[in-house]
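Given only the sequences and the hints, what does the whole structure look like? Please build it.
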Amino acid sequence: MDNNHSHTILNSFPRAAQAGEFLVTAEVAPPKGGNPQHMLQMAATLKGRVHAVNITDGSRAVLRMSSLVASAILLQNGIEPVCQIACRDRNRIGLQADLMGAHALGIRNILALTGDPVKAGDHSDAKAVFDLEAVRLLQLIRKMNQGFDCNEKPLTDGALDLFVGAAVDPQCASWSGLQSRFERKIEAGAQFFQSQLITDFERLEKFMDKIAAGYKKPILAGIFLLKSAKNAQFINRCVPGVNIPQHIIDRLAQAKDPLEEGMKIAAEQVKIARQLCQGVHMMAVKREDLIAPILNLAGVAPVNQLVAIK
1 MDNNHSHTIL NSFPRAAQAG EFLVTAEVAP PKGGNPQHML QMAATLKGRV HAVNITDGSR
61 AVLRMSSLVA SAILLQNGIE PVCQIACRDR NRIGLQADLM GAHALGIRNI LALTGDPVKA
121 GDHSDAKAVF DLEAVRLLQL IRKMNQGFDC NEKPLTDGAL DLFVGAAVDP QCASWSGLQS
181 RFERKIEAGA QFFQSQLITD FERLEKFMDK IAAGYKKPIL AGIFLLKSAK NAQFINRCVP
241 GVNIPQHIID RLAQAKDPLE EGMKIAAEQV KIARQLCQGV HMMAVKREDL IAPILNLAGV
301 APVNQLVAIK
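Heads up, the sequence shown is in our numbering, so the first residue is 1 and it goes up one at a time.
Calculated directly from the structure, the hints in this document are not laboratory data. Mixed in with the good hints there might be a few duds.
Cut-off 30 Å, straight-line C-alpha distance, at most; resulting in silico cross-link-like pairs (BS3-like, lysine-lysine) [as the list claims (entries may be wrong)]:
| # | residue 1 | residue 2 |
| --- | --- | --- |
| 1 | LYS153 | LYS230 |
| 2 | LYS256 | LYS32 |
| 3 | LYS32 | LYS127 |
| 4 | LYS216 | LYS256 |
| 5 | LYS127 | LYS286 |
| 6 | LYS119 | LYS32 |
| 7 | LYS216 | LYS47 |
| 8 | LYS216 | LYS227 |
| 9 | LYS217 | LYS143 |
| 10 | LYS286 | LYS32 |
| 11 | LYS264 | LYS217 |
| 12 | LYS210 | LYS230 |
| 13 | LYS227 | LYS206 |
| 14 | LYS127 | LYS143 |
| 15 | LYS230 | LYS143 |
| 16 | LYS47 | LYS153 |
Okay, structure coming up:
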């Protein structure tokens with residue numbers, strides 16, 4: 001990288017992805033308010049255990065700090081972010097503006113998402129934008145990486161260099177829909193995929209064998225820490241497209257210590273995922289500090305230490 005930029009770029013995630021290493025990412029919610037301290041404490045527990053930390057962009061349409069700004073704060077603190085960018089709240093002008101800003105700040109990993117519907121969230125009377133959706137956002141990012149805006153006009157102050165991924169839901173009810181959307185995202189330039197939380201690992205295996213195998217792109221299986229039977233039932237009710245099976249809910253209900261049981265279940269799932277795909281994407285809402293212990297339980301070694309490029 002040229003020397004007139006003094007900011008740090010951490011790019012262990014793209015390097016590890018391209019080297020075929022077992023990838024570990026984890027999700028951290030940005031703050032609600034002006035103080036990032038709690039987010040930083042949670043993210044600090046993941047240092048050395050994950051290749052990158054995903055910062056959500058208004059997940060479930062619930063208000064949080066800008067993912068771009070929260071990602072920049074992580075980067076300043078030596079933690080490599082994956083900045084999620086959803087299409088719900090910005091038109092193509094705003095999306096391109098933020099992508100240029102991300103690149104200038106040294107953020108290199110982007111997860112391109114359509115975004116959850118406004119009615120799911122805490123501002124149900126807000127106006128949704130959805131000028132683009134995930135596939136068209138991926139196409140846009142590929143153009144910007146080639147040095148052009150979405151109208152094919154040159155980026156006169158330099159092309160972007162973003163490592164861009166997309167979401168995939170192997171448990172999607174429609175197999176043909178899953179396949180066509182996955183293939184369209186690959187054609188549009190997705191370099192890696194993070195999945196929604198997985199509970200049906202037979203279905204994941206079928207997806208890996210029948211759809212993903214030919215494309216050689218890293219798939220990270222979503223592993224979610226369930227804290228109790230009540231927590232699992234809440235997720236079944238409130239998170240679109242997720243169905244936690246009854247036998248897992250029963251295990252949590254019967255456990256002496258449901259949280260500990262939830263950690264065991266998550267660790268078992270990490271072990272299964274490790275046999276099937278190139279990585280895991282860990283989600284432990286409000287208990288990100290338990291992700292490292294879950295990885296220990298699953299026998300996942302710390303990641304190769306980050307190399308910063310000055």
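Original post:
Taking 30 Å as the top limit, are the C-alpha atoms of LYS47 and LYS153 close enough?
Top reply: violated (40 Å)
Original post:
Under the criterion that the straight-line Cα-Cα distance not exceed 30 Å, is the pair LYS210, LYS230 satisfied?
Top reply: violated (35 Å)
**OP:** Verify the proposed pairing of LYS127 with LYS286, using a straight-line Cα cut of 30 Å.
**Re:** Roughly 28 Å between the alpha carbons, so the hint for LYS127 and LYS286 holds.
Original post:
Does LYS264 pair with LYS217 here, judged by a C-alpha cut-off of 30 Å?
Top reply: Given pair LYS264, LYS217 holds - Cα atoms ~29 Å apart, limit 30 Å.
Original post:
Is the straight-line distance between the alpha-carbon of LYS227 and that of LYS206 30 Å or less?
Top reply: OK: LYS227 and LYS206 at ~28 Å, within 30 Å.
Subject >> Proposed proximity, LYS32 with LYS256 (alpha carbon, max 30 Å) >> reply: Roughly 33 Å separates the two Cα atoms, so the pair is violated.
Subject >> Hinted pair LYS32 and LYS127, Cα distance within 30 Å >> reply: Given that 30 Å is the threshold and the Cα spacing comes to 20 Å, the pair holds.
**OP:** Mind checking the alpha carbons of LYS216 and LYS47 for me, to see if they're no more than 30 Å apart?
**Re:** Roughly 27 Å separates the two Cα atoms, so the pair holds.
Original post:
Holds or violated: are the alpha carbons of LYS217 and LYS143 at most 30 Å from each other?
Top reply: Roughly 20 Å separates the two Cα atoms, so the pair holds.
Original post:
Can the restraint linking LYS230 and LYS143 be considered satisfied, given a maximum Cα separation of 30 Å?
Top reply: violated (45 Å)
Subject >> Pair hint outcome, LYS216 versus LYS227 [Cα-Cα no greater than 30 Å] >> reply: violated (34 Å)
Original post:
When you check the alpha-carbon spacing of LYS286 and LYS32, does it fall within 30 Å?
Top reply: holds (13 Å)
Taken one by one, the earlier hints fail for this structure at numbers 1, 2, 4, 8, 12, 15, 16, listed in ascending order.
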